[in-house]
Amino acid sequence: MTQTRSPEARSAETRSVVIERDMPHPPEKVWRALTTQPLIEDWLMANDFAPKVGHRFRLSTTPVGGWNGIIDCQVLAVEPPERLSYTWASMGLESVVTFTVTPTAAGARLRMEQSGFPADATQNLRGAEYGWNNFLGRLEQVVERA
Amino acid sequence: MTQADSLFRALGDPTRRALYERLARGGEHTVHALTDGAGVSQPAVSKHLAVLKAAGLVRDRREGRETHYSAEPKALAPLADWMTLYGAFWEGRLDRMEDLLRRMDQ
Chain A
1 MTQTRSPEAR SAETRSVVIE RDMPHPPEKV WRALTTQPLI EDWLMANDFA PKVGHRFRLS
61 TTPVGGWNGI IDCQVLAVEP PERLSYTWAS MGLESVVTFT VTPTAAGARL RMEQSGFPAD
121 ATQNLRGAEY GWNNFLGRLE QVVERA
Chain B
147 MTQADSLFRA LGDPTRRALY ERLARGGEHT VHALTDGAGV SQPAVSKHLA VLKAAGLVRD
207 RREGRETHYS AEPKALAPLA DWMTLYGAFW EGRLDRMEDL LRRMDQ
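Protein sequences appear in the order of chains A and B. 45 is the number that the numbering used here gives to position 45 of the first sequence; each next residue is one higher, with no gaps. Adding 146 to a residue's 1-based position in the second sequence gives its number in the numbering used here.
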C-alpha cells in the first residue's frame with residue numbers, strides 16, 4: 001500500500017461482508033420478505049420493524065453466553081423495491097446493513113452488505129469480555145441452521 | 147471451500163459439536179469414552195471424529211489398540227472474527243428467507 005495514513009485513519013478502517021443470491025422470485029416478493037414485520041420474524045428475528053426512514057427498531061433472539069440477543073437498529077433508506085438500509089448495533093459492534101434487490105431474467109438478485117466492521121475487531125472478540133464459552137455459544141447460534 | 151466453511155460444516159452437526167465441546171473441555175478421550183453419552187453408535191462416533199479431524203479441530207494419538215482424541219482449539223482461530231461469524235450468520239438467514247419465499251404466494 002503506497003497511500004499514507006495517519007494512525008487515526010488506520011484505526012477507523014472498516015471492512016464489510018457481502019453476500020449475493022439469485023432468487024427465482026420477483027423483486028416485489030423479495031421486498032415483502034425484507035420489509036414486512038411478520039415475514040422478517042420468519043427468516044431473520046423477532047422485530048418491530050416499520051419501513052419508515054428514521055424508525056428505530058429492535059431485532060431480538062434468544063440470549064446466548066454473554067450476549068443479550070438484542071440488536072438495535074434504525075432505518076436509513078427505504079426505496080421499494082430496490083434498496084433497504086438500516087443500522088445494526090450489537091455487542092459493541094456498530095455496522096450498517098444494506099439490501100439491494102435487482103431484477104434478473106429468472107427473478108431477482110439480492111445483495112446483502114454489512115459494512116463498518118473495524119479492521120481490528122478480531123482483538124475485540126478475543127478480549128476478556130467474550131471468553132471461550134461465549135464464543136462457542138454464539139457459534140452454536142450461528143451454525144444452528146447451517 | 148474455505149477453511150472457515152469446513153469448520154462451520156464440521157461444527158454444524160449437533161452430534162459433532164457435542165463431541166467437540168466435550169474434547170474442548172480438556173484432556174484426551176478414547177472413542178470408547180466418547181461413545182458413552184454420545185447417543186450414537188461407536189462407528190458413528192468414529193465417523194464424526196474423522197470429520198472433526200479433517201477440519202483440523204481434533205488430533206488423534208494411537209496407543210496400542212486405542213486411539214486417543216484431543217481438541218485443537220487453535221483451529222477455531224479463523225472463526226474468531228466478526229466478519230466470518232456474520233458471513234455464516236447471513237448465509238443461514240438467507241437460506242431461511244428462500245424457504246419463506248417458496249412458501250409465500252406471489
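No wet-lab data here; the hints were simulated from the structure. All figures in this text were calculated on a predicted structure; none of them were measured in a lab. We put the CB at the ideal spot given by N, CA and C, even for glycine. Mixed in with the good hints there might be a few duds.
Unchecked claim - One side of the interface only, derived from the structure: several residues of chain B facing chain A at Cβ under 10 Å:
no. : residue
1   : Leu-180
2   : Tyr-232
3   : Phe-235
4   : Glu-237
5   : Asp-245
6   : Leu-246
7   : Asp-251
Claimed, not checked - From the structure, some residues in chain B lie toward chain A, with a derived Cβ separation under 7 Å:
no. : residue
8   : Val-177
9   : Val-186
10  : Lys-193
11  : Val-197
12  : Arg-205
13  : Gly-233
14  : Trp-236
Notebook entry, point to check: Out of the numbered hints, which ones does the structure contradict?
Noted result: Of the numbered hints, 1, 8, 9, 10, 11, 12 do not hold.
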